[in-house]
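Peer 1: Chains as they are written, first to last, in the numbering used here: chain X, 1 to 340; chain P, 1 to 340; chain Y, 1 to 340; chain H, 1 to 340; chain B, 1 to 340; chain R, 1 to 340.
None of these hints come from the bench; they were simulated from the model.
There are no misleading hints in this set.
Put simply, identical chains are the same to the list, so a pair is met inside one copy or across any two.
Quick list of in silico lysine-lysine cross-link-like pairs, DSBU-like style, CA-CA up to 35 angstroms:
| # | residue 1 | residue 2 |
| --- | --- | --- |
| 1 | K301 | K51 |
| 2 | K252 | K51 |
| 3 | K51 | K18 |
| 4 | K51 | K166 |
| 5 | K51 | K21 |
| 6 | K301 | K21 |
| 7 | K252 | K166 |
Because the structure is a prediction, the values reported are computed rather than measured.
There are 6 protein chains.
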Amino acid sequence: MERNTTQQLTPATVDFDKPGKQIGAFHVPFSAHDDAWGVVPVPVAVISNGKGPTVILEGGNHGDEYEGPITLGELIRDLDPASVSGRLIFIPAINQPAVMAAQRVSPIDGINMNRTFPGDPLGTTTRQIAAFVNDVLFPMGDVFIDLHSGGSSLDIIPSAVIEPGKSPEQHEANVAAATAFGAPIAVVIDNRGDPRTATASAALAGLTVIGTEMAGGGTVSIDALALCRRGVRNVLAHLGVVPRHFATPVEKPPALFELTSRAHVIVEDDGVFEPIHRLGTEVRAGELAGRIHFITQPGRKPVDLHYRADGIVYGRRQPGRVRPGNCCLVVATPYESKKP
Amino acid sequence: MERNTTQQLTPATVDFDKPGKQIGAFHVPFSAHDDAWGVVPVPVAVISNGKGPTVILEGGNHGDEYEGPITLGELIRDLDPASVSGRLIFIPAINQPAVMAAQRVSPIDGINMNRTFPGDPLGTTTRQIAAFVNDVLFPMGDVFIDLHSGGSSLDIIPSAVIEPGKSPEQHEANVAAATAFGAPIAVVIDNRGDPRTATASAALAGLTVIGTEMAGGGTVSIDALALCRRGVRNVLAHLGVVPRHFATPVEKPPALFELTSRAHVIVEDDGVFEPIHRLGTEVRAGELAGRIHFITQPGRKPVDLHYRADGIVYGRRQPGRVRPGNCCLVVATPYESKKP
Amino acid sequence: MERNTTQQLTPATVDFDKPGKQIGAFHVPFSAHDDAWGVVPVPVAVISNGKGPTVILEGGNHGDEYEGPITLGELIRDLDPASVSGRLIFIPAINQPAVMAAQRVSPIDGINMNRTFPGDPLGTTTRQIAAFVNDVLFPMGDVFIDLHSGGSSLDIIPSAVIEPGKSPEQHEANVAAATAFGAPIAVVIDNRGDPRTATASAALAGLTVIGTEMAGGGTVSIDALALCRRGVRNVLAHLGVVPRHFATPVEKPPALFELTSRAHVIVEDDGVFEPIHRLGTEVRAGELAGRIHFITQPGRKPVDLHYRADGIVYGRRQPGRVRPGNCCLVVATPYESKKP
Amino acid sequence: MERNTTQQLTPATVDFDKPGKQIGAFHVPFSAHDDAWGVVPVPVAVISNGKGPTVILEGGNHGDEYEGPITLGELIRDLDPASVSGRLIFIPAINQPAVMAAQRVSPIDGINMNRTFPGDPLGTTTRQIAAFVNDVLFPMGDVFIDLHSGGSSLDIIPSAVIEPGKSPEQHEANVAAATAFGAPIAVVIDNRGDPRTATASAALAGLTVIGTEMAGGGTVSIDALALCRRGVRNVLAHLGVVPRHFATPVEKPPALFELTSRAHVIVEDDGVFEPIHRLGTEVRAGELAGRIHFITQPGRKPVDLHYRADGIVYGRRQPGRVRPGNCCLVVATPYESKKP
Amino acid sequence: MERNTTQQLTPATVDFDKPGKQIGAFHVPFSAHDDAWGVVPVPVAVISNGKGPTVILEGGNHGDEYEGPITLGELIRDLDPASVSGRLIFIPAINQPAVMAAQRVSPIDGINMNRTFPGDPLGTTTRQIAAFVNDVLFPMGDVFIDLHSGGSSLDIIPSAVIEPGKSPEQHEANVAAATAFGAPIAVVIDNRGDPRTATASAALAGLTVIGTEMAGGGTVSIDALALCRRGVRNVLAHLGVVPRHFATPVEKPPALFELTSRAHVIVEDDGVFEPIHRLGTEVRAGELAGRIHFITQPGRKPVDLHYRADGIVYGRRQPGRVRPGNCCLVVATPYESKKP
Amino acid sequence: MERNTTQQLTPATVDFDKPGKQIGAFHVPFSAHDDAWGVVPVPVAVISNGKGPTVILEGGNHGDEYEGPITLGELIRDLDPASVSGRLIFIPAINQPAVMAAQRVSPIDGINMNRTFPGDPLGTTTRQIAAFVNDVLFPMGDVFIDLHSGGSSLDIIPSAVIEPGKSPEQHEANVAAATAFGAPIAVVIDNRGDPRTATASAALAGLTVIGTEMAGGGTVSIDALALCRRGVRNVLAHLGVVPRHFATPVEKPPALFELTSRAHVIVEDDGVFEPIHRLGTEVRAGELAGRIHFITQPGRKPVDLHYRADGIVYGRRQPGRVRPGNCCLVVATPYESKKP
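Start from the sequences and build out the full structure, keeping to the hints where you can.
Peer 2: Shown next as structure tokens:
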């Protein structure tokens, strides 16, 4: 019934079963003070042609991550349907209100889209959008590509992200897709098993899943954008949805890493964070990772931070100002392949 | 009378005429809903010894610029008064409320400290702080060092900034101090003659003035912090306030640039900004500078931005999201020395 | 158990089973920062006498719609219990916090009362109020009258609203009640089957249901208020709860319309909306409906809007300023009676 | 010096002395947290040709009044410079930040543009914009046309507004221009002599001045927009800046009214306002003007409001919700011409 | 499964099964705009030694109640594990974000921690914290001590609070623990049976439960803090977890009271509340309890408030300003013991 | 001219020169988004009869201080004009917007009324109100009584406050009036000479001035209200404006104190403040005054606070939560009379 409810309440201006290229939106009803009978228009595009898998490409899950949405917009405008074998469904700005506001979370209900899957067709806006994707789009799909960057608070090495598969076959497919992306590294991230992310939800629905982290700091990275443009085409070619020659040759497979339960360096003080190492530096557990300065109390000695795992510096907090509980650094540890 | 009013209303916990090292604050009265008889405690430190000039060192004029305050805090804690010849007055977090909030402008009155000099002893908090610096500290000083970074919205090449002098002698002294700093480049910035900056106010008061721009993006830059640590010591040694050996040898004088009236690339659209060139790239007026993407309207073609001056890319907007009037890029043009 | 929970947590200062007139409130517990053991007092009145149906009259479901609450307040003050046959339960300002704030949605939890039925006795305030109405009041009732206006964002032709019945009998009763109201038109509105409105919830509970839309724009309309005053009395007389002579003779039955899935004209641009036709004008799908002006970009050509259905202009957006997704116009289409 | 300061700090992208049509902006520097070196781009257009007076046309002084800006935008796009004799300077959205936000006052500094003239070139944004208009544009002008509507809170009879002249000649010229506009009525409004409005400032600068009030309620009125389109062309033809045939023949001169010190009906209670009469109704001092309902206290009797002057109902509060001090009604009294 | 989810998502830095003293936190994942991979660090301490019951001590359920957290912090720092027989688990600032903000409710999700038990491991932050306490800690515990004060809005007689037991044995144990606390009075408070409080949830889980109300007004009371320090030690000695001599001899058992359904005096007007009696005064139903003044309408007569129950004035509203629905006074009625 | 401007822009509904009792308001024009032509109605009352001085009585200068406004409202309602010799002008809620909001400062412009005198007739609302009082009322007055309490953030010993006179005669008159008030203590408070308070402004205008501090904590104190009711009548009788028998006999003159520059104990940490002594306790400089607890860091040792002056504890911070710069305690020192 849920899926019926979602479809009934959320009309789309595109026909997902029609061949060719369509650019439109699905309209999530939103009855607000300044617009009683309005909608949140979530942009969606479909390019469909011939036989082949259905690939769902998502950007804008967080509203301050730009490399993915730019890449998807270019594909939507530039791809000739004739060159497609299968179907591409693009949702380049899935959390449309967050994207308009340049915020990680929705300004409407304060919800983080990536902590609310599978959503609720009768819930608030972000949950309704998630329900549409989960209930209406995922059942149409074979592959789900979810393009993230680090957002306003993190700068992360541009990399493919591997969602742990629910079966050995799914896991292998996920790793293969991440490998095809062509980033220098690929990282297994399981979010402690949190089932509320888009990729976890897609994996539960049986799709092959690939994610990314493409720099961050709330800016558009010249390098990460170039990698993202190549990588998405590489994956689509790997899947056979676009011709082989759309891909950029990749010199070598990515180094594989994972985020363990000791990856994150969490601060306990209220101050300003000074990092010591650049992204990619090899570090060891216990090594000095940074300092917290107390700049309104110049007589107070800074406090030291230390890494908690061996590996490379994978991510770094962007804002200098920190408060207790903030994540300052993330260390990625070489991945020992273990089947799920 | 103004100066008297300022001194009377704003007691300091340090004695500016006492030798040795003192760390304290000046207390700007602030009668707020949750603290009727409270103060804004602006940290201040004095290190004084023997004969020599009085140098005023300011950080935290904007609350989201960190390299300067960290550097000043280290000097305050590490410098032995015995090694000083003259007097150092540190205000490492001058806009204390903004620093606590990690905001460019004060959360109390919404005022940008660097657009409110010479302040007003009977005005709102930011104006009262500026009045204290202008009315009480500037008359004690010979040199004013104002350490800025790009802040949350800009990433800028770490560089010394030259305030145009009000006389040839002052201008020369400003250039010499900026040269001593030891950054690869130094840039003359006149803010269209806006008299409301701290440096303009100090120059009007007759002090030798030097500023900086130390990266930005609201983060702490490893490289810029290293340069700032060296540069401030270099300037102090140049002024003779600390021994020569405190300075780091500088290989060659900085290349000199200026910001002309065509330096800024202003956006007219509401979208996401993609830059084309890294900081430091040489560019020419009319060249493609970036694109504005409309990521919630994937069918809409991006709009191109173009440079308006020849020179190097000196600064770049950090947040990807832009609205009409935002400054996306700043080009620094080689400086043709002209005496004021 | 839910109903027990609601009753237990939400005491009322009136006795619903007592004859005569009582004016009081039900107290929804609300433990807030500035009132740890306080309540939200939702006004309620009961006028009960002899035999006859129980009619529940609701106003203030949205806090910026006034014709209904004014009409109910007058009935509460003016009606002599001796003239009543049955029981009238008035909730003239059901979303009391929204009414106090003059907002469509509750300032406490941001929830739209008309998208949260059947509520939750352990949820936030708006959901607790809905649960009280659904769990405690609906089981007492035979008929539910829900008086809406267009609110701050819409101006709507004053009209009766027909909730689709869950059975042919219920549907017929709903149409008969709407006909008795005596507005020039009556409109079937199904909200795409959304089960979360007060009227949908009442219909599910088996009550006869009638709604209204009484102008709007956040103001009190002289004409709509006059119609509302007459219409509510007409319906009560039709139901036999007040004497026949309380009714105003109605010249002819209302023209019947419905809102189809193509009723709404949704804007895709960010600008200012200029309408072309007055409310009530007959229009056709494809006809020019309005223009979007870009008044901060005077060189940019306006964008045209077009109707998507044949019928009459039933509603119009009040605020000139629009953003993508806003509903600018609503077209009501002549209703072809179909039993549910 | 002020004027020099304004010009120096606020570059314009148009050349006011160049013939032909130019559309651009003047850039008010705005150094905010999310845009350190940005500007507020206030749109400006110039159409200049041959000999003739310079007319300054302003819209968007309040950001929620639309008939004026729409009319000016159409003139900017449609007017052929060849048909102009003199110079037209358009500022169709003078309070650009307020227009973007659809607010009466600026979201940047909370200032009402029409209570801040002559502005301050070193003040906050709204004051800087006012200073540019006052210091740079007014000295170029012969005539100032300021197009207002009632805004979000008032609905006003579409009418010309006569600024009291500072000399008999100026007053006569103002009346003549208002007469030429062609509205059914024209009203002398002196704002109790408040010198801070744009029109008062222009009058002080010696310009002929004409204003309007064009309906309101925060919406775009079909009728008022039609009148505004005709009226502005009529005035320009009257001034000889566009050919006579651009004007629409006006059947009879406007009835003249004024707002006396007893024009406004101010509410003392906290409730919901019900008006009794439509705009234009003739009323007398002491007559019942409206009622204040207490819809969350249905047992409480409404309070009556009474008019305080004889005349016609000229304006009416749009939002139903009122609090003490709100203006509910405005009565315009027939004007007995008195030279200033 | 819920408990597994909670544990998996919420790592603790202490080992609850380890003897000795540990001070750490449990980390509730919180992915916010300014900290994508951060946590809310909820402080927790464990002191464990030998055999004996496990006592869970909670403070900071509301963020503006201080006597409990101060007392718990002192115990954490001062208690020698060697003097403990059993295990003490301290959560001195359970709603850490509310404590940091000095607010009753969480600034993150607006939720009152004491109206959200048993929480939800996949809900918003406050619900995740409650789930951790309910799912992970309560199963470890034998006794639960929940230290409240009146908070910003209430001043309450320092007293022990008795949670009604779910069985005669549990009730007796709760009364015995409250008696041991040693306050002059103890009050049975059942919150109308609301199951969402921490103590109700603990009682449902089978723990012995004791609560407190320790003055309030958002301040730290010298007397209440002294009582709290003694009382908590008294209870721990009573339970045998610390030696008998840690207790302060109590002269006589507390007088027992309860809050009946007529305990609260709720205001219906918008004004300023003047109380008549001090806390502890004996009063009778119908007696004058206070006045509501209308200080912006000095001509309006104050409105009288009356008590609704016999007993003593147990609590009083702190803020003078009141709005309809606020609780002004709370009367505690002598308790007639009745087994549940 | 200023005074003329004020009078012209700010009409009053009372005639200050008319005998008898009038209750009305002065209307400060306020053109806001939701009320374009509205006013801020500041309540004012006049009771005038026969010969005698004009006494201006002010309450509500801060919106969260209630004893004064309640006392003034009672006098306005209860005083028979026949018993008055002279004129009483009451402004019981001078900062009307702050009083409505129960905030120290105005919610309109964020300004503290008591830091903005003499105001500005063309400034924002709070400054316009101050200008009316300073420019229109003070010139009518002989005596100014300004009734303060401690407000939300401070609890202060109920006491008369002596404004230092500008001449020996004025000072003597101020002391005599404060003595007549009949509080146990009277305190000379000079605010470091800040000229922006209402009392400083009145003193500059030549009026005899008396102030009060009447408890605080944002509540209504039973004791302070009783004292305030007596004290104001005592002063009026002392001035001969009401008959001698209106006064309550005072047993002994107040002990005189002053606030020296070392009166305030300012906190440097971010935590929770525990006081050690009750109000009125005699203390000495250097003595332990309180502790700052860090309740989210239970392992961290509290920080001690110390008094800085000898005297009695005159005021104490109400909110437990403190941040650097907050005033925790105020010590009043025995006053050594010195003529100004």
